[in-house]
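Visitor: Residues per chain are reported as follows:
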Amino acid sequence: MNILVCMKQTFDTEAKIALDASGKIDKTGVNLVINPYDEFAIEEGLRLKEKFGGEVVLLSLGGQSVETSLRTGLAMGADRAVLVNDPALADADECVAADVLAKAVADIPYDIILAGRIAVDDGSAQVSVRLAEALQIPSVSSILKLDVEGETATVTREIDGGTELIEVSLPAVFTAQKGLNEARYPSMAGIMKAKKKEIKPLTLADLGLDVPAAKATVAKYSLPSPRSGGKVIPGEPADAAKELARLLREEAKAL
Amino acid sequence: MAKGIWIIIEQSDLAIRKVSLELLSQGRKIADKLGEPLVAVIPGKGVADLAKAVAPYGADKVIVIDDDKLEKYTTGAYTSALNKVIKGGDPRAVLIGNTAIGKDLAPRLAQRLGVGMASDSTGVELGDDGAFTFKRPIYGGKAFADVVLSAAPILATIRPNTFPVAEPDASKQPEVVNESADIDAADLKAIVKDIAIAVSLRPELIEANIIISGGRGMKGPENYVILEECADVIGAAVGASRAAVDAGWRDVKFQVGQTGKTVSPTLYIACGISGAIQHLAGMGSSKVIVAINKDPDANIFTVADYGIVGDLFEIVPLLTEEFKKLVS
Numbered sequence: 001m002n003i004l005v006c007m008k009q010t011f012d013t014e015a016k017i018a019l020d021a022s023g024k025i026d027k028t029g030v031n032l033v034i035n036p037y038d039e040f041a042i043e044e045g046l047r048l049k050e051k052f053g054g055e056v057v058l059l060s061l062g063g064q065s066v067e068t069s070l071r072t073g074l075a076m077g078a079d080r081a082v083l084v085n086d087p088a089l090a091d092a093d094e095c096v097a098a099d100v101l102a103k104a105v106a107d108i109p110y111d112i113i114l115a116g117r118i119a120v121d122d123g124s125a126q127v128s129v130r131l132a133e134a135l136q137i138p139s140v141s142s143i144l145k146l147d148v149e150g151e152t153a154t155v156t157r158e159i160d161g162g163t164e165l166i167e168v169s170l171p172a173v174f175t176a177q178k179g180l181n182e183a184r185y186p187s188m189a190g191i192m193k194a195k196k197k198e199i200k201p202l203t204l205a206d207l208g209l210d211v212p213a214a215k216a217t218v219a220k221y222s223l224p225s226p227r228s229g230g231k232v233i234p235g236e237p238a239d240a241a242k243e244l245a246r247l248l249r250e251e252a253k254a255l
Numbered sequence: 256m257a258k259g260i261w262i263i264i265e266q267s268d269l270a271i272r273k274v275s276l277e278l279l280s281q282g283r284k285i286a287d288k289l290g291e292p293l294v295a296v297i298p299g300k301g302v303a304d305l306a307k308a309v310a311p312y313g314a315d316k317v318i319v320i321d322d323d324k325l326e327k328y329t330t331g332a333y334t335s336a337l338n339k340v341i342k343g344g345d346p347r348a349v350l351i352g353n354t355a356i357g358k359d360l361a362p363r364l365a366q367r368l369g370v371g372m373a374s375d376s377t378g379v380e381l382g383d384d385g386a387f388t389f390k391r392p393i394y395g396g397k398a399f400a401d402v403v404l405s406a407a408p409i410l411a412t413i414r415p416n417t418f419p420v421a422e423p424d425a426s427k428q429p430e431v432v433n434e435s436a437d438i439d440a441a442d443l444k445a446i447v448k449d450i451a452i453a454v455s456l457r458p459e460l461i462e463a464n465i466i467i468s469g470g471r472g473m474k475g476p477e478n479y480v481i482l483e484e485c486a487d488v489i490g491a492a493v494g495a496s497r498a499a500v501d502a503g504w505r506d507v508k509f510q511v512g513q514t515g516k517t518v519s520p521t522l523y524i525a526c527g528i529s530g531a532i533q534h535l536a537g538m539g540s541s542k543v544i545v546a547i548n549k550d551p552d553a554n555i556f557t558v559a560d561y562g563i564v565g566d567l568f569e570i571v572p573l574l575t576e577e578f579k580k581l582v583s
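Those protein sequences? They're chains A and B, same order as listed.
Numbering (my numbering) for the first sequence: 1 to 255.
Numbering (my numbering) for the second sequence: 256 to 583.
It is possible that some hints are incorrect.
Covered stretches of chain B, going by a simulated chain A footprint (3 or more residues, C-beta under 8 Å) [to be verified]:
no., stretch
1, 352 to 362
2, 434 to 447
3, 567 to 578
Honestly, the hints are just simulated from the structure, not real lab data.
Glycine included, C-beta positions come from ideal geometry on N, C-alpha and C.
Chain A on its own, in the form it takes in the complex (with noise of 0.2 Å):
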């Protein structure tokens, strides 16, 4: 069974988001880190592979520093990397992300695609069904179990309220909620093995893509309106709750 996933670097989520000069989010300084989900879909990946047999490879889209990352996805056990990494990218959409990633798929054989459900940066979760259409293959969003048997996958994906059993023919594209499993950490010699492990580059022109032209631009980037701390109720516990049920309803006109 071959196993693609695909994986984003995305800031760690204890950063704090400021804006550049220039008017875009500010990358100086800024821990990288695998997105958190894509964590999960790496662990699920290599726990097929133990069941049954096959490769994993990584496939990521972004600049030189994505490496790093994939280092550490190579280091968790995945066999090989795929980086497409063009400067003409730097502006992609979520539809030339997908489509991309279409074309280099192409060259890697699998059977599952597994990701991340959501990046934590962006947070627009489009890119994976996005390669699901590209590919004309299934998807389902969002899974909490994965079960697969023969050419058949049994899942359970989280709705609004609830859950849902899904039977889908393979192949086919799963995104990865958080409770999917427990993404293990790097041993040692999984870290000195992963040096070793291929990381191959991709241009767009090895892919044999014009520049793609982005559908969706981001015309600003904007920070929320800080808020500052308001009014801290003084007294004993009970006057202090009768207070705030108060401010509450006849302030705040919150209830």
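Chain A is already provided as a structure; the job is to place chain B on it using the hints.
Guide: Okay, now just chain B, sitting in the frame of chain A:
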């Protein structure tokens, strides 16, 4: 020439989701500004009667797509049906609620239609040139991006609780049109075998007007009952911080924050939550924030409109009693 604002109506068990009404209400305003029709599209099985239910919310036309294969949501069947209806009707813009279904459907539909899309938007502006600008939170709410889409059909998902629901107008009588689903066999590779909805009378976290959340200060899973009692008095949902979820006290579906749900309720009550940056990102757009924490230096107080420094195990039950008096 693409024309009209289309709203994809989501229903569960033939009850229309609130976010669909929010989108109809906002869609009416955009349609009026453009001088174009507002259209409600209802996919599902046995949904013909829902045309009457959406009528008071301003649609000029209702398209019903009633098909056995649309009884339970699957990505393929819904994409197939909606793609054809959208291609045939040529709308200027299509808006979908950012629910579990919307999040899954919209990107697939966008890719099939070959268009860009704005996810989880919290604002819509119509430009003079007919382009739409969607404001959307990024980095879990720590920043915003203004995404511009200009080629029709413009496609976006909108976060629940972003727009108010307009007063229903019973005199509205939209034209109702039935369209066939005509689903491609290739789009039927997934089958829903079972749906398990947790029995809860509490509102869904992302749609709730009020959320009361507990963090590390709750000390254990057994203590959430005091939040649940309070929640049930004021019709709130119960949330949790990442610390509480990682400790195994609450299910991940209740997690609020950058790696959980991002919420925008009218009132957010944080109990025993220190206010880590990734939690603040997920609830910072709440209209009113209340913090109850025994640590006066807790970060949560820097964003709270009202705070009580004290023991939540003492204060929350007292607050529940006060809320009972208010609602009675």
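Visitor: Now look at each hint and say whether the structure bears it out.
Guide: Here is how each hint holds up against the structure:
1. Remark: the stretch 352 to 362 of chain B is confirmed as covered by chain A, as 7 of its residues place a Cβ nearer than 8 Å to a Cβ of that chain, reaching the required three.
2. Under a criterion of three residues with beta carbons nearer than 8 Å to beta carbons of chain A, the stated coverage of the stretch 434 to 447 of chain B is upheld, 5 such residues being counted.
3. Closer than 8 Å: that is the beta-carbon criterion, and the stretch 567 to 578 of chain B has 7 residues meeting it against chain A, so the requirement of 3 holds.
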